[in-house]
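First to last, the protein sequences are chains A and B.
In terms of the numbering used here, the first sequence opens at residue 30 and continues consecutively.
In terms of the numbering used here, the second sequence opens at residue 5 and continues consecutively.
Derived from the structure by calculation, the hints contain no laboratory data.
Each hint should be verified, as a subset may be incorrect.
[As the list claims (entries may be wrong)] According to the in silico footprint, chain A covers these stretches of chain B (three or more CB under 8 Å from chain A): (1) 144–158; (2) 234–246.
[What the hints assert, rightly or not] Computed list of chain B residues with no C-beta within reach of chain A, every gap over 12 Å: (3) Arg200; (4) Val209; (5) Asn249.
Don't be surprised by glycine CBs; every beta carbon is placed ideally from N, CA and C.
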Amino acid sequence: MKKTGLVALTATLIALWAGAVAAHHSAQQFDFGRSVPISGVVKRFQSINPHMRLVITVTDAKGTRDISFEGHSTNNMYRAGYRDGMIKVGDKITVYVAPLRDGSDGGYVTAASTADGRRFGPQSRAEQEAERAKAEGK
Amino acid sequence: MHERPRHSRWAGAAQYSGALALFVALGFVNVKAQQPDFTGVWTNYVEPGQGRAGGAATAGGGRGGAAELPMTAEGRQKVQAYQALIKGTGDTPGGFCLGTGMPGSMLGSGGYPMEIIQRPNQITIVYEAHNEVRRVYLGDRIVPEGDRLPGRNGHSTGRWEGDTLVVETTNLVEQADQRFAHSDKARIVERYRMTRGAKGERVLVAEMTLTDPVFYTKPVTAEKRWAEVPNGHLLPYECNEEAWNIHLEKLAEKRK
Numbered sequence: 030m031k032k033t034g035l036v037a038l039t040a041t042l043i044a045l046w047a048g049a050v051a052a053h054h055s056a057q058q059f060d061f062g063r064s065v066p067i068s069g070v071v072k073r074f075q076s077i078n079p080h081m082r083l084v085i086t087v088t089d090a091k092g093t094r095d096i097s098f099e100g101h102s103t104n105n106m107y108r109a110g111y112r113d114g115m116i117k118v119g120d121k122i123t124v125y126v127a128p129l130r131d132g133s134d135g136g137y138v139t140a141a142s143t144a145d146g147r148r149f150g151p152q153s154r155a156e157q158e159a160e161r162a163k164a165e166g167k
Numbered sequence: 005m006h007e008r009p010r011h012s013r014w015a016g017a018a019q020y021s022g023a024l025a026l027f028v029a030l031g032f033v034n035v036k037a038q039q040p041d042f043t044g045v046w047t048n049y050v051e052p053g054q055g056r057a058g059g060a061a062t063a064g065g066g067r068g069g070a071a072e073l074p075m076t077a078e079g080r081q082k083v084q085a086y087q088a089l090i091k092g093t094g095d096t097p098g099g100f101c102l103g104t105g106m107p108g109s110m111l112g113s114g115g116y117p118m119e120i121i122q123r124p125n126q127i128t129i130v131y132e133a134h135n136e137v138r139r140v141y142l143g144d145r146i147v148p149e150g151d152r153l154p155g156r157n158g159h160s161t162g163r164w165e166g167d168t169l170v171v172e173t174t175n176l177v178e179q180a181d182q183r184f185a186h187s188d189k190a191r192i193v194e195r196y197r198m199t200r201g202a203k204g205e206r207v208l209v210a211e212m213t214l215t216d217p218v219f220y221t222k223p224v225t226a227e228k229r230w231a232e233v234p235n236g237h238l239l240p241y242e243c244n245e246e247a248w249n250i251h252l253e254k255l256a257e258k259r260k
């Protein structure tokens, strides 16, 4: 039983990774004009090139499910403030994504903030405006 | 009037030449003084007040797609065949961890920075993305034509014209998978020179001319500018880990 479960998990991971590799695509399917925050618990994270891979368990109005994301390369993430160890399996995290244009789960991670308040990635336009408003006392 | 003996003039010239050679040997006169040192890490140069990185403007095409470039029927057909093949996938060489190749590797560098290491007979250019490396050989480091291995970045030789480094790249393979698609008959000439930006900072400029009678009806030109990153570092760019991990997991599955 235990072995069967392990095989199933392995098969799932292979399918997940294979899907990720098969999904080498340009940015055309992502809406980079929007930045949507999505919170969940990290199930899998790979800081790799050419795109990072992240799976988080999300609970919202649609229920609880695992959502796969891709995002910037490790190198771009590093230059945007990411450092080794910032994201670990089991961490609660909020990612800021350019959502898929077809409205399905997933997206392109451009920034993230961790439970301990660390963050990497540029601010979205909405966040910049909110910060500017706060600075101006609005 | 006393006329200076002819042999004396020669003797004077010889003395002058000897003195000059001595000064050169002693390093008092630097015959390479006008050759700038491009060593350093470079990123896109952004003109003040402009959001976009300077460079890659073309004469003979424009910034748009390959259709705007002065392509031959053969070149256009090959590019269209490639674009039809990948249509709807968004696939790119980079997505599969393959470097862009010249001239895209050069024109596209900067977002991921570029490092130049300059020695008298070899200038090494490293583009961080996909670890693309170009070696520009000068003088007796130049590899004989028959011994060159073609590739996506070709074989580059360099020479100095005053303060300008002229790099000629040939031995390219045919590539329909980049913006400046080209055949294996392509010849790319880059002219590198140092200038100064609005704040007085060092700005490296490259003027590129791509000549390819198979793909283009006339030369295609572009310009690229980089700003220096003081004490900058390139990051490692590993890209095949995912494919390797998948392979290992498949192996593990087979072993069960």
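Beyond 12 Å from every chain A Cβ - status for B/Asn249: B/Asn249 not clear of chain A: closest Cβ-Cβ about 7 Å, inside 12 Å.
Assertion that chain A covers the segment 234–246 of chain B - criterion: three or more residues, beta-carbon distance below 8 Å: holds (count 6)
No chain A beta carbon within 12 Å of B/Arg200's: 25 Å, holds
12 Å Cβ clearance of B/Val209 from chain A: 24 Å, holds
Claimed coverage, the segment 144–158 of chain B by chain A - three or more beta carbons nearer than 8 Å: Violated - the segment 144–158 of chain B has 0 residues with a Cβ nearer than 8 Å to chain A, which falls short of three.
In summary, the numbered hints that this structure violates are 1 and 5.
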